[in-house]
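S.K.: Below, each chain spelled out in residue letters.
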Amino acid sequence: MSGFPILSLMLLVPLVGAVACLKAGREQARMIALVTTLVDLALGAVLWANFDTGGAQWQFTERANLFAGFSWALGIDGIALVLIALTVFLMPICIGASWNSIEKRAGEYYAAFLLMETLMIGVFAAQDLFLFYIMFEAGLIPMYLIIGIWGGADRIYASYKFFLYTLLGSVLMLIAMFWMVNAAGTTDIPTLMQYNFPPHAQTWLFLAFFASFAVKMPMWPVHTWLPDAHVQAPTAGSVILAGVLLKMGGYGFIRFSLPMFPVASAQFAPLVWGLSMAAVVITSLIALVQHDIKKLIAYSSVAHMAIVTIGLFAFNVQGLEGSMLIMLSHGLVAGALFLGVGVIYDRLHTREIDRYGGLAINMPYFALFFLLFTMASIGLPGTSGFVGEFLSLMGVYQASSWVALVCTTGIILGAAYMLYLYRRVIFGEQKNADAAAMPDLDTREWLMMVPLGLVVLWMGVYPESFLAPMRKDIAMLDARVAVAAPKGDAQVKKGAAKPAAEHEAAEHNDAQGEAH
Amino acid sequence: MELVRSLQLVAGEEVLSIAGLILLLWAAWAGDKAARAISIATVAALTVAALIAAPALCGAAMGADTIAFGGQYRADAFSAFGKLLIYASAAVTLIVAPAFFDRFKAMRAEFPLLVLFAALGMGIMVSATDLLTLYIGLELNSLASYVLAAILRKDERSAESGLKYFVLGSLASGILLYGVSLTYGFTGTTSFTGIHAALAAGTLSTGAVFGMVFVLAGMAFKISAAPFHMWTPDVYEGAPTPVTTFFATASKVSALALLMRISLVAFGAVPQAWQQIVIFAAILSIVIGALGAIGQANIKRLMAYSSINNVGFILIGLACANQPGAAAMLIYIAIYVAMSVAGFVAILMLRDEDGEPVESIADLAGLSKTRPGLAAALAAVMFSLAGIPPLFGFWGKFVVFQAAVQANLVALAAIGIAASVIGAFYYLKVVKVMYFDEAADKVRGKSELAHGVLLVIASVFISPLGYLLTNWLHTLAGNAAAALFHF
Chain D
1 MSGFPILSLM LLVPLVGAVA CLKAGREQAR MIALVTTLVD LALGAVLWAN FDTGGAQWQF
61 TERANLFAGF SWALGIDGIA LVLIALTVFL MPICIGASWN SIEKRAGEYY AAFLLMETLM
121 IGVFAAQDLF LFYIMFEAGL IPMYLIIGIW GGADRIYASY KFFLYTLLGS VLMLIAMFWM
181 VNAAGTTDIP TLMQYNFPPH AQTWLFLAFF ASFAVKMPMW PVHTWLPDAH VQAPTAGSVI
241 LAGVLLKMGG YGFIRFSLPM FPVASAQFAP LVWGLSMAAV VITSLIALVQ HDIKKLIAYS
301 SVAHMAIVTI GLFAFNVQGL EGSMLIMLSH GLVAGALFLG VGVIYDRLHT REIDRYGGLA
361 INMPYFALFF LLFTMASIGL PGTSGFVGEF LSLMGVYQAS SWVALVCTTG IILGAAYMLY
421 LYRRVIFGEQ KNADAAAMPD LDTREWLMMV PLGLVVLWMG VYPESFLAPM RKDIAMLDAR
481 VAVAAPKGDA QVKKGAAKPA AEHEAAEHND AQGEAH
Chain W
1 MELVRSLQLV AGEEVLSIAG LILLLWAAWA GDKAARAISI ATVAALTVAA LIAAPALCGA
61 AMGADTIAFG GQYRADAFSA FGKLLIYASA AVTLIVAPAF FDRFKAMRAE FPLLVLFAAL
121 GMGIMVSATD LLTLYIGLEL NSLASYVLAA ILRKDERSAE SGLKYFVLGS LASGILLYGV
181 SLTYGFTGTT SFTGIHAALA AGTLSTGAVF GMVFVLAGMA FKISAAPFHM WTPDVYEGAP
241 TPVTTFFATA SKVSALALLM RISLVAFGAV PQAWQQIVIF AAILSIVIGA LGAIGQANIK
301 RLMAYSSINN VGFILIGLAC ANQPGAAAML IYIAIYVAMS VAGFVAILML RDEDGEPVES
361 IADLAGLSKT RPGLAAALAA VMFSLAGIPP LFGFWGKFVV FQAAVQANLV ALAAIGIAAS
421 VIGAFYYLKV VKVMYFDEAA DKVRGKSELA HGVLLVIASV FISPLGYLLT NWLHTLAGNA
481 AAALFHF
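Just so you know, the protein sequences line up as chains D and W, in that order. Per UniProt numbering, residue 1 is the first one in the first sequence, and the count goes up by one each step. Per UniProt numbering, residue 1 is the first one in the second sequence, and the count goes up by one each step.
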């Protein structure tokens, strides 16, 4: 595969599809969109198959000096690979979710989605700082249109909020990028990742990048755009927002903040921990009292993303790997949950929890899948959610046991609000006649749910498939941030053989520390 | 020999002057019937002048070879860059005008001539290296422009805008002239290089500072930078749309280029004396342009505030007071011209059933359903003016802010870019009206082919495809900026 510009091709295919969709009618547009996304999925599979695990750090690199000031430089490492795979995997499902529900202006709708796909892959594949910025920011326009044109009743407010919030977050990052390029003399991301910026400058640069990624992530207290955007966006828009767009923040931390500003990252780790702890507890409690299914899942996304940031700023391999796995898992699970909401929304056209109830009776297969994804969201062992959360909390436990303690309450609260949601929607009496009359999943919905369910279980049972490509990159990142890593208060060590009395005492201490 | 050489250097201006005089006779003799033919002849004259100017830009002409008339005038790459943009804008104005004026039965033979003379004046402005040449060019341009703003005699708004432009423009010219006389008095010369040498040699006297401030204030009026921006919305709204196009493109280019030459050459020895003024004007323009636009209901007024806003960003390049900053300004100006052309041509294409122009933003509701192509072009202009990637408008902001960071003006860049988010709000509003609202279906008129072609060309330029031109654009702007600093 060497020399073949497969990444450019993956960017080009959806772009061509988008242009073709613009003028097409509804029937043709959705067909074009489906074929295009499936072709990209196939290309993604080829990409994964040809990725040399443990080989060179940057693979499939391309470089063309097409522009002044920056270049068309693409290339991926294991971290980018899995995120690109997540993107191309979710896109056909998004198209499937929109198959019947989008009636007005379908051509433009699918064009916007395909454009989003190009830009998302571009974000993960870009190896030039400014190319990354352009891809990162450009996603605002199609997403603004998707929320604003095809969204719910309050869509205009939500679209403005989404656009202006994320724009304000990002512009300062651009100024920081100018400063970095000016100081380092290159726009090449791999080179910048090795460049040591002076510590006092790192502080400012970190804050500028943090403003952007924290909004994108989103971290408490700048998360408020997310519930609005999620609730108003069409189903597929929510899937892509939760599935991939939120990962751009985490990807930003892992690609830029941590390796480029390790000193400042360590310096600001307590801030990140504090915000994340607040997020886990507060947004979980908010989720408990929601009446709107989408809003509940949106708040749960904020809580999950907080565990991602906790893991990222644990400065150890477990934390980083855990965060990456949560991002992947959350992409699948939150996407699947929004898809599930879409399934029942298409039938009843409401997101009010009270309008449902007892769906297990008339929609048993739907109930089964929703249960699987609910459990994965809670983090039940055997599902994808467990692996990432366990690793992430394990990582942060080494850095600070208090942070781990507070964040673990998120798991308990998560179980509370998800099970409560499940009980109200799926179990109980069939108090609403119209909800009781809803038919179970049709073939199209089966086709969307089954792949998601399989991957969730696969990631839960054998996470190694997803960890293997990233292992070397995570190790390099860990080595890069190790210099600045804060000394943890609780080091997990293998105990040496000890006399019985001492051993018991030690175990007692450990048990206190691990009481979560 | 000196005279022959000088006459060769001003060949482009000679072509325009002679063509203008001949066409004036033709217009007097043939009357308004010949308006279209005269327009075509004018475009031809502008093309010839542009072809004469182009080699200087591509060949990076600079230094002593480009000086004409003993240092009064300079035909270097910098002036060629400005002239090409000015002549192209003037040609666009002439191409879009007939369809607009025909409806009022007001396509007069004088119109192309006034545009021609204004363009000639602007060409002299960007080439001027002496305070007197500067003033001649400026007044030739201004007098023609006042008449252009009022050319729809029977339209009250047009007459009002012409009068406003005249009164306020004369005031600004007066301020400028006062500054010129003070500068001359305290430096003893009217030549830019002479002023540069005089200011570099001695300490900066209070009188010279006063002169400089008055000159800059007069120029700030011409480029419609805050706090001298008040005339802009009224004139933009009232003037006939083709004329507004001309003001937003050619007039802006010439005034900005002139401001660059004055600041960076004449006052280039004492940048610390004017940098603060420029920074103040830049931030104020960005903020006032953004806030003022929010409440506007008329799209031409919105474009006026947008132009104030964009001038603020361009001034950030000037605040750098160095060659990369100048190059960044030129790139921004070129992109801004393309965005304005696309914007105003799209506005010209907005017509209701009877062919009357539609200017109210509310009437654009649901345009994306009834006229998807036009709505997409207008949306691209709005996102581009807001500087959202991947549209090409982003590149203008990119180079300007990069230059500012390189010149160690990080705080200015941070404030400027944060304020640009305010501006994004009202650009989004236009997109929202066109894409999210229910169709008002007001825009039903047919479009002219010429308008469509121009809109497509300008839209392709501001689309992401524009990035493919960056290498070329950077080379040309680099040539021009190098010529500016090589005096």
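Wrong hints could be hidden among the right ones.
To spell it out: a stretch of chain D is covered by chain W in this simulated footprint if at least three of its residues, at any positions, have a beta carbon under 8 Å from a beta carbon of chain W; those stretches are [said to hold, decoys possible]:
| # | region |
| --- | --- |
| 1 | 83-94 |
| 2 | 160-167 |
| 3 | 284-296 |
Below, in silico cross-link-like pairs of lysine-lysine (BS3-like), each with a Cα-Cα straight-line distance of 30 Å or less [as the list claims (entries may be wrong)]:
| # | chain 1 | residue 1 | chain 2 | residue 2 |
| --- | --- | --- | --- | --- |
| 4 | W | K164 | W | K105 |
| 5 | W | K442 | W | K105 |
| 6 | D | K104 | W | K164 |
| 7 | W | K369 | W | K33 |
| 8 | W | K369 | W | K429 |
| 9 | W | K429 | D | K161 |
| 10 | D | K487 | D | K472 |
| 11 | W | K442 | D | K23 |
| 12 | W | K442 | D | K104 |
| 13 | D | K161 | W | K442 |
| 14 | W | K429 | D | K295 |
| 15 | W | K33 | D | K23 |
| 16 | W | K442 | W | K369 |
| 17 | W | K154 | W | K369 |
| 18 | D | K23 | W | K369 |
| 19 | W | K446 | D | K104 |
| 20 | D | K487 | D | K295 |
| 21 | W | K369 | D | K161 |
| 22 | D | K104 | D | K23 |
| 23 | W | K105 | W | K33 |
| 24 | W | K429 | D | K104 |
| 25 | D | K23 | W | K154 |
The hints are simulated quantities; they were obtained by calculation from the structure and are not laboratory data. Cβ atoms here follow ideal geometry from the backbone N, Cα and C, with glycine treated the same way.
S.K.: Quick one, are K369 (chain W) and K429 (chain W) close enough, alpha carbons at most 30 Å?
M.R.: 17 Å, holds
S.K.: With a cut-off of 30 Å on the C-alpha distance, tell me whether K442 (chain W) and K104 (chain D) pass.
M.R.: Given pair K442 (chain W), K104 (chain D) holds - Cα atoms ~21 Å apart, limit 30 Å.
S.K.: Below or equal to 30 Å on CA atoms is what counts here, so check K442 (chain W) against K23 (chain D).
M.R.: The hint holds at about 23 Å.
S.K.: Given the hint that K33 (chain W) pairs with K23 (chain D), does the C-alpha gap stay at or below 30 Å?
M.R.: 42 Å, violated
S.K.: Checking one constraint from the list: CA of K429 (chain W) to CA of K295 (chain D), max 30 Å. Satisfied?
M.R.: 26 Å, holds
S.K.: For the region 160-167 of chain D, count the residues whose Cβ lies under 8 Å from any Cβ of chain W; is that count three or more?
M.R.: Three-residue rule met by the region 160-167 of chain D, so holds; n is 4.
S.K.: Hint check: K104 (chain D) vs K23 (chain D), CA-CA at most 30 Å. Holds or violated?
M.R.: 14 Å, holds
S.K.: When you check the alpha-carbon spacing of K104 (chain D) and K164 (chain W), does it fall within 30 Å?
M.R.: This hinted pair is violated, its Cα atoms lying about 47 Å apart.
S.K.: Can the restraint linking K161 (chain D) and K442 (chain W) be considered satisfied, given a maximum Cα separation of 30 Å?
M.R.: 29 Å, holds
S.K.: For a C-alpha distance cap of 30 Å, please report whether K369 (chain W) and K33 (chain W) respect it.
M.R.: 39 Å, violated
S.K.: Is K23 (chain D) close enough to K369 (chain W), meaning Cα to Cα at most 30 Å?
M.R.: 13 Å, holds
S.K.: Decide if the proposed pair is consistent with the structure: K442 (chain W) and K369 (chain W), CA atoms, cutoff 30 Å inclusive.
M.R.: Roughly 12 Å separates the two Cα atoms, so the pair holds.
Violated hints for the displayed structure, listed by number in ascending order: 1, 3, 6, 7, 15, 17, 20, 25.
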